[in-house]
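Let the sequences and hints guide you as you build the complete structure.
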Amino acid sequence: MDAVLSGLFSSSEEELYILDCMAYSMVFMAACTFVTLLFENVPYGRYTTSKYGFPINVRLAWFVQELPAFLVPVCLVLWTPCAKTSLQPNQLLIAMYFCHYVHRSLIYPFLIRGGKPTPFASFVLAVVFCIYNGYMQIRYLSHYAEYPTYWVTHPCFIAGSVLWLAGWLVNMHSDHILRNLRKPGETGYKIPTGGMFEYVSGANFLGEIIEWAGFALASHSVHSSAFAIFTTVVLSSRAVAHHKWYLAKFEDYPKSRKALIPFLL
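Oh and the sequence shown: position 138 is 137 in numbering that gives the first Met the number 0, straight run, nothing missing.
Hint data in this document are derived by calculation from the structure and do not stem from the laboratory. Just so it is clear, CB atoms sit at the ideal spot from N, CA and C, and this is done for glycine as well. Among these hints, one or two may not hold up.
Keeping only pairs whose Cα atoms sit at most 30 Å apart, straight-line, the calculated DSBU-like set for lysine-lysine is [what the hints assert, rightly or not]:
id, residue 1, residue 2
1, K248, K115
2, K189, K115
3, K254, K243
4, K115, K182
5, K254, K189
6, K243, K115
7, K189, K83
8, K182, K83
9, K257, K243
10, K83, K243
11, K189, K248
12, K257, K189
13, K115, K254
Taking CB as the label site, the calculated pair distances span [as the list claims (entries may be wrong)]:
id, residue 1, residue 2, range
14, F262, L37, 20 to 26 Å
15, E13, P147, 22 to 28 Å
16, L70, I111, 16 to 22 Å
17, P253, L77, 45 to 51 Å
18, H153, K243, 37 to 43 Å
19, E39, T152, 43 to 49 Å
20, F53, K189, 26 to 32 Å
21, T152, E13, 30 to 36 Å
22, I106, T192, 22 to 28 Å
23, L77, S24, 24 to 30 Å
24, L263, G52, 33 to 39 Å
25, I111, Y149, 39 to 45 Å
Here it is in C-alpha cells:
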C-alpha cells in the first residue's frame with residue numbers, strides 16, 4: 000500500500016495538498032448534489048427506478064458498496080507508516096470512524112429485512128464515494144493531522160465526541176426500529192414509532208447527521224467538515240422526501256411530527 004502511494008505522490012506535501020483538494024471538491028459536490036436533489040430523490044429504497052440501471056439485491060449492494068469505507072482505511076492503517084496513529088486524539092478519531100463503518104459494512108447489510116433492490120448507478124456512485132471518503136478521512140488522520148497535547152480535553156473535542164456518540168446511538172436505535180416494523184411474513188410500509196421517530200420522520204438520518212457533525216467538530220479539519228456537509232445535504236433531502244411520502248400515504252400520520260429537526264423542520 001505504501002509503495003502505491005509513493006508512486007502516486009512525489010512528497011508528503013503533495014499528498015496533503017491533494018487531500019485538501021479532495022475535501023474542497025467534496026464541498027463542491029455537496030453544493031451540486033443539493034441543487035440536483037431539489038428536483039430528484041436519491042434513487043434507492045422506496046424511490047428506486049429502472050432508469051438508473053439494473054437492480055442489485057439490497058443486501059449485496061449495501062455490503063459491497065460500504066465495504067471500501069472499511070477496507071481502504073484498514074489498509075492505510077496496517078500497511079503504511081502511520082506517523083500519527085500513536086497519538087491519542089488521532090486514535091480516538093480513527094476509532095469513531097471505524098465504529099460506524101464496522102457496523103455499516105459488516106453488520107448492517109445482514110440485518111436488512113426485505114428492501115427494494117438498488118439501481119446499478121446508485122450502487123457504483125456509493126462505491127466510489129466510500130473509496131474516496133475512506134481514503135481522505137483516514138489518510139489525513141493517520142498521517143497528517145496534528146493536534147496539541149491537550150486536544151482531548153478541549154471543549155471542541157469533548158462536545159464533538161458527545162455529539163458523535165449521541166448521533167451514533169440515535170442512528171443505531173432508529174435503524175433497529177425500522178427493521179422491526181413488520182412482523183415475519185408481513186409486507187408493506189408502516190408508520191415508525193418510538194425513539195426519535197416520535198419527533199421526526201427521518202430519525203435515522205438525523206442521527207447520522209449529528210454523528211458526523213460531532214466527528215467534524217472533534218476532528219477540526221476541512222476533511223471531516225466536508226464529509227459532514229455532504230452527509231447533511233444528502234440525508235436531509237432524503238428525510239424531507241420521506242416525510243412528504245408518509246404524509247401522502249398515511250391519513251393518520253402524526254401531523255405534529257417534523258421531517259428532520261424536532262419541533263422546527
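Requested in this report: Mind listing which of the numbered hints don't hold for this structure, in increasing order?
Outcome: 7, 8, 10
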